[in-house]
Amino acid sequence: GENVEQHPSTLSVQEGDSAVIKCTYSDSASNYFPWYKQELGKGPQLIIDIRSNVGEKKDQRIAVTLNKTAKHFSLHITETQPEDSAVYFCAASGSARQLTFGSGTQLTVLP
Amino acid sequence: EAQVTQNPRYLITVTGKKLTVTCSQNMNHEYMSWYRQDPGLGLRQIYYSMNVEVTDKGDVPEGYKVSRKEKRNFPLILESPSPNQTSLYFCASSPGQGKSSPLHFGNGTRLTVT
Numbered sequence: 148g149e150n151v152e153q154h155p156s157t158l159s160v161q162e163g164d165s166a167v168i169k170c171t172y173s174d175s176a177s178n179y180f181p182w183y184k185q186e187l188g189k190g191p192q193l194i195i196d197i198r199s200n201v202g203e204k205k206d207q208r209i210a211v212t213l214n215k216t217a218k219h220f221s222l223h224i225t226e227t228q229p230e231d232s233a234v235y236f237c238a239a240s241g242s243a244r245q246l247t248f249g250s251g252t253q254l255t256v257l258p
Numbered sequence: 063e064a065q066v067t068q069n070p071r072y073l074i075t076v077t078g079k080k081l082t083v084t085c086s087q088n089m090n091h092e093y094m095s096w097y098r099q100d101p102g103l104g105l106r107q108i109y110y111s112m113n114v115e116v117t118d119k120g121d122v123p124e125g126y127k128v129s130r131k132e133k134r135n136f137p138l139i140l141e142s143p144s145p146n147q148t149s150l151y152f153c154a155s156s157p158g159q160g161k162s163s164p165l166h167f168g169n170g171t172r173l174t175v176t
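Chains A and B supply the protein sequences, listed in that same order.
Take any residue in the first sequence, count from 1 to its spot, add 147: that is its number in this note's numbering.
Take any residue in the second sequence, count from 1 to its spot, add 62: that is its number in this note's numbering.
Bound conformation, chain A alone (with noise of 0.2 Å):
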């Protein structure tokens, strides 16, 4: 089955600075990766999501790129503000039924 593989499982930047949270996956068969964020206190949320046929995708602030033939995509946090610090996952859909998770990445944003 798909095995995700998520780094680094801690991150702290200084506010303002740039994050970025790299994922690699097994299976080539994968078209779909998100993102979600889980706040203190509350269930993940989806922040951004790829498909296969798209290198990069952006939503102001936060963007994320995949390289299918590397089997890795990454998400880039730019201008970080403390209400980015929270726990982040990625996520691969694989050629089994359901999506596969990451072990996730808690981002501290320092003042």
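Since the hints were derived computationally from the structure, they do not count as laboratory data.
Some clues are possibly wrong.
As the list claims (entries may be wrong) - Distance windows between CB atoms, simulated:
| id | chain 1 | residue 1 | chain 2 | residue 2 | range |
| --- | --- | --- | --- | --- | --- |
| 1 | B | S144 | A | S199 | 37 to 47 Å |
| 2 | A | T157 | B | P70 | 44 to 54 Å |
| 3 | B | K79 | A | E162 | 30 to 40 Å |
| 4 | B | G102 | A | H219 | 18 to 28 Å |
| 5 | A | H219 | B | N135 | 11 to 21 Å |
| 6 | B | N146 | A | E230 | 14 to 24 Å |
| 7 | B | R106 | A | S175 | 17 to 27 Å |
| 8 | A | T225 | B | V76 | 46 to 56 Å |
Virtual Cβ for every residue (Gly too), placed ideally from N, Cα, C.
Fit chain B to the supplied structure of chain A, relying on the hints for placement.
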């Protein structure tokens, strides 16, 4: 407001005492799913349902049961809880089939089994 509602938010129980965690969604989604979240392991799927009366095992189904008698409800049942089921549980729903559509998560149920 469109949402997925889980109850209870916190639950402390003893080994072997049957419990049910409820999940309800008001978005008319066909797909619903249960996940458990453990430190360093991310979100692992327990069971999912593609529609009423259709359920299937996820990656970690042992010790859990589910039912889908109505479209809006998808309860998670632990018939004989054990300490290794202490975890944070999330219910989710999706307008698609879950694999390639956005998931809407509830706010979680933190379960402690002693």
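The hints, checked one at a time:
1. One distance hint, 37 to 47 Å for the beta-carbon pair B:S144 and A:S199, holds here, with the actual separation near 40 Å.
2. Between A:T157 and B:P70 the C-beta distance comes to about 30 Å, which lies outside the given range of 44 to 54 Å.
3. Checked against the hint of 30 to 40 Å, the pair B:K79 and A:E162 fails, with Cβ atoms roughly 47 Å apart.
4. The beta-carbon spacing between B:G102 and A:H219, approximately 20 Å, falls within the hinted interval of 18 to 28 Å.
5. Taken as a hint, the range 11 to 21 Å is violated for the pair A:H219 and B:N135, whose Cβ atoms sit roughly 38 Å apart.
6. Between B:N146 and A:E230, the C-beta spacing of about 35 Å breaks the proposed range 14 to 24 Å.
7. Under the hint 17 to 27 Å, the C-beta atoms of B:R106 and A:S175, about 22 Å apart, fit the expected range.
8. One distance hint, 46 to 56 Å for the beta-carbon pair A:T225 and B:V76, holds here, with the actual separation near 49 Å.
In summary, the numbered hints that this structure violates are 2, 3, 5, 6.
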